[in-house]
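Enquirer: From first to last, the protein sequence lines are chains F and A. Residue numbers for the first sequence follow the numbering used here, beginning at 2 and rising by one. Residue numbers for the second sequence follow the numbering used here, beginning at 2 and rising by one.
Hints listed in this document are in silico derivations from the structure and should not be mistaken for laboratory results. The reader is advised that the hints may include incorrect statements.
Identical chains blur together in the list; that is why a pair holds if it fits in one copy or across any two.
With a straight-line Cα cutoff of 20 Å, these simulated DMTMM-like cross-link-like pairs (lysine to aspartate or glutamate) come out [what the hints assert, rightly or not]:
1) K103 - E120
2) K188 - E109
3) K188 - D150
4) K186 - D145
5) K18 - D67
6) K79 - E69
7) K186 - D150
8) K50 - E37
9) K26 - D16
10) K211 - D198
11) K103 - D130
12) K12 - D198
13) K12 - D22
14) K29 - E19
15) K103 - E129
16) K27 - D84
17) K20 - D71
Protein chains: 2
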Amino acid sequence: MIIDWKSTALKIYEDLKEKIDKLAKKPKLVVILVGENFASISYIKQKSKWAIYCGMDFELRQFSNDIEEDFLLSEIDKLNKDDTVTGFLVQLPLPKYMDPDKVINAIETKKDVDGFSKETIAKVFLNEDGLYPCTPKWIKRLLDIYNIDVSGKNVTIIWRSNIVGKPLALILINAWATVTVCNSKTKNLDFYTKSADIIVCAAGKPLLLKKEMVNSWSVIIDIWTNFVDWKMVGDADFTSLEPENMITPVPGWVGPMTVAMLIENTYLASLRN
Amino acid sequence: MIIDWKSTALKIYEDLKEKIDKLAKKPKLVVILVGENFASISYIKQKSKWAIYCGMDFELRQFSNDIEEDFLLSEIDKLNKDDTVTGFLVQLPLPKYMDPDKVINAIETKKDVDGFSKETIAKVFLNEDGLYPCTPKWIKRLLDIYNIDVSGKNVTIIWRSNIVGKPLALILINAWATVTVCNSKTKNLDFYTKSADIIVCAAGKPLLLKKEMVNSWSVIIDIWTNFVDWKMVGDADFTSLEPENMITPVPGWVGPMTVAMLIENTYLASLRN
């Protein structure tokens, strides 16, 4: 069974639109872009489209790729203090001469709708409410929507990034899953995938997960799109795995769900600010 | 083989004593105690003893158990600003009417020698330098001292507390271990212990880990002391497991190593402040 992300994402947008309609004040999402990275511009278009669809204001603040880091930090400070701005994010990647950690942690946690700040990391760790990072957030949400209770389930996460693997591990550990986090040095990956009720692929390694490594009843969440010979393939070998497994399709589904969580975080920020 | 914590801890103290002797300014550790919890007083005695042994100044600030939370916060603020204080901690547990999260996070991260603050959690997550929480810190240190490289190793952690299980998982994930975090709902604990190169018991469940659940070559780190019929037993069934496994003894070894890491954190804080 292929997980239907399109209707899932759309339902989230419809719900948000309805909730936002009822707010006294329209939320506003701001995206800062430094330079003209092609992929970044394409991502931002999606963010803008869905923010507006859901009834939010959206603003892009674009700067040339030779601005000083201090200038960017002062712009962030302005947005932190601007009451008309509900939430904002700095589109990554930044030019190499800038320190992304410093830039991201300059954003006030209550406006950090990407959920990358240190304070949010600690909230995820401690199982406290907050604007959770969008990709792990939607993986958990998707499981919830499909009524997959992770409590007592074996979850194998391939691999261990700061943006997906590690925060997702904490979220699922807090939800009573038995979580194994693998990496490229894991000596018996198939041992951990064979025993998993849920497998999350976030490795960026094309076709890493083969049919013989999984059980027919395992749920497979594959968040990566790799380009191989000009074709898009996931970390999971989708063609061989489907239709036995409940599985996310590749290509095409990561972006919309991530953007849905971003819009939701902006809505949640508007309730708190 | 029983891991010799006594000589391990003593060696750490001797090293610290030597390093501290060379400092221009003597570090000072302060412990805040609210009320008169018997166990707390006994822990603090150990902290005081070893801080002084290593050449630090030590001060206990004891308050009655009816002080206001605001008063405690103002005392913390004083210590944050006091240049003569290198590091300090608030001995837990606090009286029930106080919010321990609020109290702990009032301590400046650079003086938070217990390593419980949110900023430190984020540092552990991101694999950044910092004053790491003492118990997971010494588990990693012990493995290092015994030349057990965790990279590529299977580690099973039983269970998932904020103070041990979760931070240790992050530390070992960052060191390239394949880490499984179990909890009381894990459906096949023996599956994960049987496959582990290293097992860390931090469950507080007497004699949970039996001989038939582990391989003879697994390293077993047991950090818990349970009281059963007035006897001290660990989470691991020490009597049946030793001497095949490399294993930590129960009772008696958690405290001294934790205190050693606390003294080390105070020393590290003195290099930064």
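Enquirer: Now tell me if each hint is right for this structure.
Expert: Status of each hint after checking the structure:
no. : hint        : verdict
1   : K103 - E120 : both (13 Å within a copy, 14 Å between copies)
2   : K188 - E109 : neither (41 Å within a copy, 41 Å between copies)
3   : K188 - D150 : between (29 Å within a copy, 14 Å between copies)
4   : K186 - D145 : between (31 Å within a copy, 19 Å between copies)
5   : K18 - D67   : neither (38 Å within a copy, 50 Å between copies)
6   : K79 - E69   : within (16 Å within a copy, 37 Å between copies)
7   : K186 - D150 : between (29 Å within a copy, 12 Å between copies)
8   : K50 - E37   : within (19 Å within a copy, 60 Å between copies)
9   : K26 - D16   : within (17 Å within a copy, 61 Å between copies)
10  : K211 - D198 : within (16 Å within a copy, 26 Å between copies)
11  : K103 - D130 : between (24 Å within a copy, 15 Å between copies)
12  : K12 - D198  : neither (26 Å within a copy, 45 Å between copies)
13  : K12 - D22   : within (15 Å within a copy, 65 Å between copies)
14  : K29 - E19   : within (16 Å within a copy, 57 Å between copies)
15  : K103 - E129 : between (24 Å within a copy, 13 Å between copies)
16  : K27 - D84   : within (12 Å within a copy, 47 Å between copies)
17  : K20 - D71   : neither (37 Å within a copy, 38 Å between copies)
Figure legend: structure checked against the earlier numbered hints; hints not met, in rising order: 2, 5, 12 and 17.
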